[in-house]
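Participant: Residue numbers (my numbering), protein chains in the order written: chain E, 1 to 115; chain B, 1 to 117.
Worth flagging that the hints you see were computed from the coordinates, not collected in a lab.
Keep in mind that a hint or two might mislead.
Said to hold, decoys possible - Below, simulated DSS-like cross-link-like pairs (lysine-lysine); rule was C-alpha separation at most 27 Å, straight line:
#1 K49(B) x K96(E)
#2 K69(B) x K96(E)
#3 K109(B) x K69(B)
#4 K49(B) x K69(B)
#5 K68(B) x K58(B)
#6 K109(B) x K68(B)
#7 K109(B) x K58(B)
#8 K9(E) x K109(B)
#9 K49(B) x K68(B)
#10 K96(E) x K109(B)
#11 K68(B) x K96(E)
#12 K58(B) x K96(E)
#13 K69(B) x K58(B)
Stated by the list, open to error - Beta-carbon label-pair distances, calculated as ranges:
#14 D38(E) x E64(B): 28 to 34 Å
#15 G16(B) x A2(E): 36 to 42 Å
#16 L18(B) x P8(E): 36 to 42 Å
#17 S18(E) x G16(B): 47 to 53 Å
#18 A52(E) x N41(B): 30 to 36 Å
#19 I54(E) x A53(B): 29 to 35 Å
#20 Q22(E) x N61(B): 28 to 34 Å
#21 F10(E) x T72(B): 23 to 29 Å
#22 V12(E) x S9(B): 26 to 32 Å
Remember, it's a predicted structure, so these values are computed and weren't measured experimentally.
Here a beta-carbon is modelled for each residue, glycine too, at the ideal position from N, C-alpha and C.
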Amino acid sequence: NAGVTQTPKFQVLKTGQSMTLQCAQDMNHEYMSWYRQDPGMGLRLIHYSVGAGITDQGEVPNGYNVSRSTTEDFPLRLLSAAPSQTSVYFCASSYKSSGRLNEQFFGPGTRLTVL
Amino acid sequence: AQSVTQLGSHVSVSEGALVLLRCNYSSSVPPYLFWYVQYPNQGLQLLLKYTSAATLVKGINGFEAEFKKSETSFHLTKPSAHMSDAAEYFCAVSSPNSGGSNYKLTFGKGTLLTVNP
Chain E
1 NAGVTQTPKF
11 QVLKTGQSMT
21 LQCAQDMNHE
31 YMSWYRQDPG
41 MGLRLIHYSV
51 GAGITDQGEV
61 PNGYNVSRST
71 TEDFPLRLLS
81 AAPSQTSVYF
91 CASSYKSSGR
101 LNEQFFGPGT
111 RLTVL
Chain B
1 AQSVTQLGSH
11 VSVSEGALVL
21 LRCNYSSSVP
31 PYLFWYVQYP
41 NQGLQLLLKY
51 TSAATLVKGI
61 NGFEAEFKKS
71 ETSFHLTKPS
81 AHMSDAAEYF
91 CAVSSPNSGG
101 SNYKLTFGKG
111 TLLTVNP
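Generate coordinates for the entire structure from the input sequences, incorporating the hints supplied.
Facilitator: In structure tokens form, the structure reads like this:
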């Protein structure tokens with residue numbers, strides 16, 4: 001199993017450009033999520049999905065869109081990049097047990113710089 | 001609502017000394033609890049998890065954590081620090097909302113562990 005994969009590993013954008021960060025998992029997990037990590041801020045949830053066709057906002061959703069057309073893929077779209085979106089982005093997948101979300105499996109991350 | 005507090009954003013220990021990283025949680029129902037480790041320029045890796053079985057949980061690399069319901073704590077310990085333990089550590093809590101339909105893992109802000117020779 002490849003686990004959770006993310007592409008690209010690094011990306012530099014200019015202000016106003018758009019792009020899509022790709023995320024895929026091969027563990028048949030229902031739950032997938034996107035986080036951003038900034039120094040001193042920990043991990044902040046951007047968007048999440050509890051299954052194909054179902055997505056919802058996390059705590060910092062502005063400027064980002066997601067869709068979940070398949071169980072495996074959960075792309076994150078930046079509509080019009082801003083310098084404030086310079087960050088490291090992590091995708092994660094998980095499963096439910098006993099009514100709770102169990103451990104999350106993380107991808108290696110995408111380091112994004114917006115100039 | 002669930003929340004996690006990690007006491008101390010930076011902990012420094014000497015090689016061979018005890019490692020103690022503190023985590024307190026808030027949850028209205030019995031939670032699942034997790035510790036993750038992040039080495040520089042890498043993703044997060046699960047160290048150990050508590051899912052309502054034994055209260056003392058053993059993880060990888062010699063780490064363990066004890067779930068104490070009365071103290072709402074899940075502190076991470078290792079008897080003897082090694083240079084390779086230098087990393088950032090995150091505590092996380094998982095519990096369903098009252099409606100049972102909102103599934104999230106809530107992370108603490110992290111503790112950076114430095115190990116001095």
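Participant: Each hint: holds or not?
Facilitator: A quick look at each hint next to the structure:
1. The suggested pairing of K49(B) with K96(E) holds, with an alpha-carbon distance near 14 Å, which does not exceed 27 Å.
2. In summary, the hint linking K69(B) to K96(E) is supported, as the alpha carbons are separated by about 22 Å, within the 27 Å threshold.
3. For a cut-off of 27 Å, the pair hint linking K109(B) to K69(B) stands: about 21 Å separates their Cα positions.
4. Proposed proximity of K49(B) and K69(B) is supported: the alpha carbons are some 15 Å apart, at most 27 Å.
5. Taken as a hint, the K68(B) and K58(B) pair is honoured in the structure, with Cα atoms around 15 Å apart against an allowance of 27 Å.
6. Proximity of K109(B) to K68(B) is assessed by CA-CA distance (about 21 Å); at most 27 Å being required, the pair is judged to hold.
7. The suggested pairing of K109(B) with K58(B) holds, with an alpha-carbon distance near 23 Å, which does not exceed 27 Å.
8. Annotation: proposed proximity of K9(E) to K109(B) holds, straight-line Cα distance about 23 Å (limit 27 Å).
9. Using a Cα cut-off of 27 Å, the hinted pair K49(B) and K68(B) holds, with the two alpha carbons roughly 14 Å apart.
10. Taken as a hint, the K96(E) and K109(B) pair is honoured in the structure, with Cα atoms around 24 Å apart against an allowance of 27 Å.
11. Using a Cα cut-off of 27 Å, the hinted pair K68(B) and K96(E) holds, with the two alpha carbons roughly 23 Å apart.
12. This hinted pair checks out: K58(B) and K96(E) have alpha carbons roughly 22 Å apart, not beyond 27 Å.
13. Among the hinted pairs, K69(B) with K58(B) is consistent with the structure: their alpha-carbon atoms are about 18 Å apart, no more than 27 Å.
14. Roughly 30 Å separates the CB atoms of D38(E) and E64(B), a value that falls within the hinted 28 to 34 Å.
15. In this structure the hint that G16(B) and A2(E) lie 36 to 42 Å apart at CB holds, the actual value being about 38 Å.
16. Taken as a hint, the range 36 to 42 Å holds for the pair L18(B) and P8(E), whose Cβ atoms sit roughly 41 Å apart.
17. Between S18(E) and G16(B) the C-beta distance comes to about 51 Å, which sits within the given range of 47 to 53 Å.
18. Distance hint for A52(E) and N41(B): a CB-CB separation of about 32 Å, consistent with the stated range 30 to 36 Å.
19. Between I54(E) and A53(B), the C-beta spacing of about 30 Å keeps the proposed range 29 to 35 Å intact.
20. The given range of 28 to 34 Å is respected by Q22(E) and N61(B), whose C-beta atoms sit roughly 31 Å from each other.
21. Remark: the range hint 23 to 29 Å for F10(E) to T72(B) is contradicted by a beta-carbon distance near 40 Å.
22. One distance hint, 26 to 32 Å for the beta-carbon pair V12(E) and S9(B), holds here, with the actual separation near 29 Å.
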